[in-house]
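Visitor: Turn these sequences into a full structure, and let the hints steer you where they fit.
Chains as they are written, first to last, in my numbering: chain A, 2 to 421; chain B, 20 to 95.
Wrong hints could be hidden among the right ones.
Claimed, not checked - In silico SDA-like links for lysine to any residue, alpha-carbon gap of 20 Å or less:
#1 K266(A) - Q42(B)
#2 K56(B) - Q273(A)
#3 K65(B) - Q273(A)
#4 K38(B) - N281(A)
#5 K65(B) - T182(A)
#6 K38(B) - R277(A)
#7 K248(A) - K56(B)
#8 K266(A) - L43(B)
#9 K38(B) - Q276(A)
#10 K38(B) - E247(A)
#11 K38(B) - N244(A)
#12 K38(B) - P269(A)
#13 K81(B) - P269(A)
#14 K56(B) - T182(A)
#15 K178(A) - L43(B)
#16 K53(B) - N76(B)
#17 K266(A) - E84(B)
#18 K266(A) - D73(B)
#19 K266(A) - K81(B)
#20 K65(B) - N388(A)
#21 K56(B) - S179(A)
#22 K248(A) - S59(B)
#23 K248(A) - N388(A)
#24 K38(B) - S69(B)
#25 K65(B) - S179(A)
#26 K266(A) - N75(B)
#27 K266(A) - S74(B)
#28 K56(B) - D109(A)
#29 K65(B) - M232(A)
#30 K81(B) - R277(A)
#31 K65(B) - P269(A)
#32 K56(B) - N244(A)
#33 K178(A) - Y60(B)
#34 K38(B) - A280(A)
#35 K249(A) - Q42(B)
#36 K81(B) - Q276(A)
#37 K364(A) - G231(A)
None of these hints come from the bench; they were simulated from the model.
For reference, the chains in residue letters:
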Amino acid sequence: MATESKPKKYIIQLKEDKLQDIKNTQRDLGVTFTSSAELSSTVRAQDVMNAGNGLYLKNLGIAIVEDLEIAKIENAQSKLSNPIVYWEEERTFKPVNELEMLTELKEDLKAFSQRIEELEVRIEANKNSNQNAFAWGLNAVGLAKSKYTGKGVDLCVLDTGFYKDHPDFVDRIVKGKSFITGENWETDPHGHGTHCAGIAAGNFSISEKIRYGVAYEANLIIGKVLSDRGMGSTSAILDAIDNSLEKKHKIISMSLGSPVSIGEKPSPIFEQIGQRALANNTLLIAAAGNDSKRPGLPKPVSSPANAESIMGIGALDEALRVASFSNGGLNASNGGRVDISAPGTGIYSSYSANSKLGKIYRKMNGTSMATPFVSGIAALYWEAFPNASAEEIWLKLEKGAKKLDNQLYRDIGQGIVQAI
Amino acid sequence: MFKLYEMYIYLAILEHHVKVDNQLKEYFKEKEIKILKNYSYLGMLKIESSKELDSNNLRYIKNLEQDLPMGPATES
Chain A
2 MATESKPKKY IIQLKEDKLQ DIKNTQRDLG VTFTSSAELS STVRAQDVMN AGNGLYLKNL
62 GIAIVEDLEI AKIENAQSKL SNPIVYWEEE RTFKPVNELE MLTELKEDLK AFSQRIEELE
122 VRIEANKNSN QNAFAWGLNA VGLAKSKYTG KGVDLCVLDT GFYKDHPDFV DRIVKGKSFI
182 TGENWETDPH GHGTHCAGIA AGNFSISEKI RYGVAYEANL IIGKVLSDRG MGSTSAILDA
242 IDNSLEKKHK IISMSLGSPV SIGEKPSPIF EQIGQRALAN NTLLIAAAGN DSKRPGLPKP
302 VSSPANAESI MGIGALDEAL RVASFSNGGL NASNGGRVDI SAPGTGIYSS YSANSKLGKI
362 YRKMNGTSMA TPFVSGIAAL YWEAFPNASA EEIWLKLEKG AKKLDNQLYR DIGQGIVQAI
Chain B
20 MFKLYEMYIY LAILEHHVKV DNQLKEYFKE KEIKILKNYS YLGMLKIESS KELDSNNLRY
80 IKNLEQDLPM GPATES
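Guide: What follows is the structure in structure tokens.
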């Protein structure tokens with residue numbers, strides 16, 4: 002008589018009993034889990050399990066799935082974001098004599114030992130890639146030595162929006178709001194906002210194995226204030242900042258600006274905004290602008306970075322010289338200073354698949370790129386000093402900056418920002 | 020001046036301690052000024068007028084500024 006073979010079951014051990022871990026595992030395996038808490042004397046494990054539905058043993062941190070391709074489990078485990086630490090095929094237990102039991106135990110031990118070795122290799126590979134493959138900008142700001150990640154700090158990026166489906170951010174909760182009528186914040190057909198947000202609060206390029214983001218555990222918040230074509234106005238920025246102050250965001254990163262003339266005073270609007278923000282314990286950080294063509298006389302720092310109460314950021318090249326396009330503190334007496342500088346040429350970061358280029362990574366140049374380095378590092382400082390005021394964080398950033406030889410204060414302010 | 024549909028759009032800083040109350044609304048109505056947005060955390064207003072405004076001739080307003088265009092600070 003032909004016997005129908007039962008589908009195989011697999012036992013999967015998860016790293017932690019966290020909801021996000023369970024969700025990631027469901028996503029990667031393409032199954033949904035029923036919690037063991039929902040089982041009873043009438044609803045038993047075998048009643049809820051099938052090819053599309055597994056069982057999650059809540060008290061053990063173990064999931065059981067059946068009728069699944071092994072390759073699917075292996076693929077899921079190879080993802081950095083996946084919490085599967087160990088899996089094996091369900092074993093059958095039967096009465097055996099002591100000799101058979103010993104043989105089986107030896108085989109199991111051998112297989113288990115092989116699994117441990119594989120896991121060790123994987124952990125070591127991840128550790129090495131995290132330590133060595135830093136984008137140049139992260140090395141320049143000393144991120145490798147930092148133990149901080151910006152954990153729990155609200156960091157708001159005001160820009161063209163954000164490509165929310167970016168694979169490096171699938172595990173992240175990214176909140177946002179559009180201040181541009183008729184356009185949403187989570188697609189970013191322009192791409193600029195996704196690049197800046199990636200530098201400030203991204204982490205690691207899963208496909209290219211390079212770390213490019215600073216504060217990867219900060220709470221990333223997106224404010225779309227520039228349209229899909231990259232155009233915006235002061236009023237959209239005011240809308241977004243007013244909203245951020247209401248929500249008590251700690252850092253507002255603005256890789257945007259409007260050129261000003263030599264001798265032009267800063268906008269009283271932005272000066273008041275900066276002061277209100279500092280009083281609300283929010284630090285505003287803005288790009289100095291890219292209107293210069295050095296070695297000629299640079300153009301003055303743009304608005305809103307030229308406001309006294311808003312931190313103005315200059316850009317450096319890979320040789321740690323001021324970038325040729327980076328604006329300078331020509332109107333310093335009325336606030337138009339470069340306060341601090343950061344890497345701003347050949348900066349690798351996330352990009353939007355919805356952009357014209359259709360790429361999800363790209364290198365870009367600009368004080369736009371330097372600004373989120375400082376914003377991300379501000380988040381590290383705030384994690385380290387959670388009770389510090391915005392003004393104190395500003396001073397700490399400046400004090401911690403590294404001076405650079407043969408560079409003018411006019412061009413780079415206090416020097417290159419350094420991670421804590 | 021930034022004009023939209025033949026209207027003038029300004030960002031206005033209110034004088035210290037001025038609130039957007041009925042008195043201010045009544046005054047703006049007289050001057051044919053429309054409040055488009057009240058940025059309460061910033062102490063500012065976005066306003067619209069069919070004619071050019073001067074903060075020196077207006078009560079309650081400390082400073083007026085045009086709604087400037089902004090763009091990304093990336094090297095072109």
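Visitor: Decide, hint by hint, whether the structure agrees.
Guide: Hint check:
1. K266(A) - Q42(B): 33 Å, violated
2. K56(B) - Q273(A): 17 Å, holds
3. K65(B) - Q273(A): 15 Å, holds
4. K38(B) - N281(A): 19 Å, holds
5. K65(B) - T182(A): Within the cut-off at roughly 16 Å; holds.
6. K38(B) - R277(A): 16 Å, holds
7. K248(A) - K56(B): 18 Å, holds
8. K266(A) - L43(B): Between K266(A) and L43(B) the Cα gap is close to 29 Å, so the pair fails against 20 Å, i.e. violated.
9. K38(B) - Q276(A): Given that 20 Å is the threshold and the Cα spacing comes to 19 Å, the pair holds.
10. K38(B) - E247(A): The hint holds at about 17 Å.
11. K38(B) - N244(A): Between K38(B) and N244(A) the Cα gap is close to 18 Å, so the pair holds against 20 Å.
12. K38(B) - P269(A): Holds, at about 19 Å.
13. K81(B) - P269(A): 10 Å, holds
14. K56(B) - T182(A): Holds, because 14 Å separates the two Cα atoms, which is no more than 20 Å.
15. K178(A) - L43(B): Violated, at roughly 30 Å.
16. K53(B) - N76(B): Judged against 20 Å, a Cα distance of about 16 Å means the pair holds.
17. K266(A) - E84(B): Given pair K266(A), E84(B) holds - Cα atoms ~13 Å apart, limit 20 Å.
18. K266(A) - D73(B): Roughly 18 Å separates the two Cα atoms, so the pair holds.
19. K266(A) - K81(B): 16 Å, holds
20. K65(B) - N388(A): With Cα atoms ~34 Å apart, K65(B) and N388(A) exceed 20 Å; violated.
21. K56(B) - S179(A): Distance ~16 Å between K56(B) and S179(A) Cα, so the pair holds.
22. K248(A) - S59(B): 13 Å, holds
23. K248(A) - N388(A): 17 Å, holds
24. K38(B) - S69(B): Since the Cα atoms of K38(B) and S69(B) sit roughly 23 Å apart, the hinted pair is violated (cutoff 20 Å).
25. K65(B) - S179(A): At roughly 18 Å apart (the allowed maximum being 20 Å), S179(A) and K65(B) satisfy the hint.
26. K266(A) - N75(B): Holds, at roughly 19 Å.
27. K266(A) - S74(B): 17 Å, holds
28. K56(B) - D109(A): Roughly 70 Å between the alpha carbons, so the hint for K56(B) and D109(A) is violated.
29. K65(B) - M232(A): 19 Å, holds
30. K81(B) - R277(A): Holds, at roughly 16 Å.
31. K65(B) - P269(A): 14 Å, holds
32. K56(B) - N244(A): 12 Å, holds
33. K178(A) - Y60(B): With a Cα-Cα distance of about 18 Å, the restraint between K178(A) and Y60(B) holds, given a limit of 20 Å.
34. K38(B) - A280(A): At roughly 19 Å apart (the allowed maximum being 20 Å), A280(A) and K38(B) satisfy the hint.
35. K249(A) - Q42(B): With Cα atoms ~30 Å apart, K249(A) and Q42(B) exceed 20 Å; violated.
36. K81(B) - Q276(A): Satisfied, since the Cα-Cα distance of roughly 16 Å is no more than 20 Å.
37. K364(A) - G231(A): 18 Å, holds
Of the hints listed earlier, those the structure fails to meet are numbers 1, 8, 15, 20, 24, 28, 35, in rising order.
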